[in-house]
Amino acid sequence: MLVLIICGVAAPLLAPRDPQAQTLEDRLRPPRWSENGSPAYFLGTDKIGRDMLSRIIYGSRISLMVGAATVIFAGFVGCTLGGVAGYFGHTTDEIVSKISEIFLAFPFLLIAIAIMAFLGQGVGNLILALMLSRWVQYCRVVRGEVLSLRERDFVTAAKALGGQDWYVLLRHVIPNTLASVTVIATFGMAIVIITEASLSFLGLGVPVHIPTWGSMLSEGRSYINRAPWLTIFPGMAIFITVFGINLLGDGLRDIFDPKLRRQR
Amino acid sequence: MNTLVRRLLGAVPVLLGISFLIFLLMHIAPGDPVSLLLGDDATPADIERTRHEWGLDQPLPVQYWDFLTRAVTGDFGKSLKFNEPVMRLVTERLPATLELAFASLCVAMLISLPLGVYSAIKHDSLLDHAGMSVALIGVSLPNFWLGIMLIYFLGGQLNLLPVAGRIEYGIDVQSITGLYLVDSLITGNFAAFWSALQHLLMPAFTLGSALAAIITRISRSSVLEVMRQDYVTTARAKGLSESRVIWRHILRNSMITIVTILGLQLGALLSGSVITETVFSYPGIGDLLIQSISARDYKLTQVLILMFAVTYFVVNLMVDLLYSWIDPRIKF
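Sequence lines, in order, name chains A and B. Just so it is clear: in the first sequence, position 138 is 138 by the numbering used here, and no numbers are missing. Just so it is clear: in the second sequence, position 301 is 301 by the numbering used here, and no numbers are missing.
Don't read these hints as lab results, they were simulated from the structure. Since the structure is predicted, the reported quantities are computational estimates derived from the model, not experimental observations. Relax, there's no trap hidden among the hints.
Here are the simulated distance ranges between beta carbons:
{"id": "1", "chain 1": "A", "residue 1": "Leu147", "chain 2": "B", "residue 2": "Tyr231", "range": "27 to 37 Å"}
{"id": "2", "chain 1": "A", "residue 1": "Ile240", "chain 2": "B", "residue 2": "Tyr231", "range": "37 to 47 Å"}
{"id": "3", "chain 1": "A", "residue 1": "Lys98", "chain 2": "B", "residue 2": "Val62", "range": "22 to 32 Å"}
{"id": "4", "chain 1": "B", "residue 1": "Leu9", "chain 2": "A", "residue 2": "Pro175", "range": "31 to 41 Å"}
{"id": "5", "chain 1": "A", "residue 1": "His90", "chain 2": "B", "residue 2": "Trp65", "range": "24 to 34 Å"}
{"id": "6", "chain 1": "B", "residue 1": "Pro13", "chain 2": "A", "residue 2": "Gly122", "range": "29 to 39 Å"}
{"id": "7", "chain 1": "A", "residue 1": "Ile240", "chain 2": "B", "residue 2": "Ile28", "range": "32 to 42 Å"}
{"id": "8", "chain 1": "A", "residue 1": "Leu14", "chain 2": "B", "residue 2": "Val182", "range": "46 to 56 Å"}
{"id": "9", "chain 1": "A", "residue 1": "Pro175", "chain 2": "B", "residue 2": "Glu242", "range": "45 to 55 Å"}
{"id": "10", "chain 1": "A", "residue 1": "His90", "chain 2": "B", "residue 2": "Val182", "range": "49 to 59 Å"}
{"id": "11", "chain 1": "A", "residue 1": "Arg152", "chain 2": "B", "residue 2": "Leu9", "range": "27 to 37 Å"}
All C-beta atoms in this analysis are idealised placements derived from N, C-alpha and C, irrespective of residue type, glycine included.
Could you put the whole structure together from the sequences, leaning on the hints where they help?
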């Protein structure tokens, strides 16, 4: 996760070359340690001679940006609606629950595919599509927690002291759901990174001129037997990143949920 | 019966919501879908005619009602890319996706249930840690990358399995159910069965691997939870054999969580088929969806997304109803 953040933020400093620079005489150059590999291209080059290492480093920017933005927006929308539905109940809860049910009726990848199919490629559209496909996870969990929290003594005490509903909700109830939200957000980040890569792989993600791990895999697929490094390295980048985030998620879940820790 | 009726009635507003959302998507899309589909060469008259044929010149409520009527009757007209009735395209390709999804489910269950249950029973052993590490790797692997790597190693380098399609070119299967494995067995066409099975192995493993990883983790924690219950201690105290305790008391009670997650994950399996079918050029409805999106055949895209969503919803409904059969304590 830390490596992803560093790569994403410091991509211009870390990347040895311009990710878009084409050197046609060096096209499909294998990684440095292979036969015919060049010291100038550590992970080799693609079909038009672009440096794979630089493209992978720049690709982390999109994964990081889309992942973080989606988690923040989806978390905000989901927590707000879930909190309001759980705390106020009645009609508000019914409306939010019905909307959630509709969104839950779509597998999240399908929502993202559907939205991107109609709205077209673009970073903004991608974040919107992923946000719309993920908010409901936060909403469901926060609603469930708030339903239980609102009956607790500290909430009754806050109300007895004259706290207004919105104040009690924002100051006392929502902060108590943050442990669960952090865990969902961490696993959600991993899911979003894979989904973003999947959409880019299908040609439904960000525009093709922006290097992303998914689009690199898609481009490299046609050269799988001739130049396997075009697919191996971007795939490894996705795998290592998601693996690291999932490990972090597991760790956070253990910290926040001692019951689960006992089961491990 | 009452439960079934109540659940089905409760499904109506959700299905209406799904259909409205899909209908809305086409209308909030930037640009005119007809102009985009017909391209720059289309004359205003062509555009106007197609808009009329699609009913896009009608007011929105009329269009939505028409969309709903077509969804109920199953008459969606012709696809503009394929120039064939939409429903024929869907029914031709649906069996391929169902076969793939079912095979993936089998792969996932065959790997995950023994691994998850065994890991729980041998809790904290080397095998438990190894099993959980494999599961974590499985959850983190992007399945389209796994598919490409399988194509490279098993197809390209070792030449063990075919890398694309559903059956070898030149082998015909007499269509009865549309499921090649079933049809070839019914007709005794073993060459076709073998070819279809070989074509199915890599896509099914690719699609099933992530599900296997999730179910392994869930089944392990579910079995661990049940193992700590008092009734399991009582069963052991009664002198029941360990295998009877595991099969009769632990596994049966762990199944409720596992079935819940399986139901929720079936949706992932359906949407995952879109990517897997693209990787393996497998002619199912996932592959058809991507083709329709690339060709900007919005009508076909709309129908396919509706179909995916409704199938997912119906599967979840069936899983809900299955709960009360597995665990009679649950009432809706």
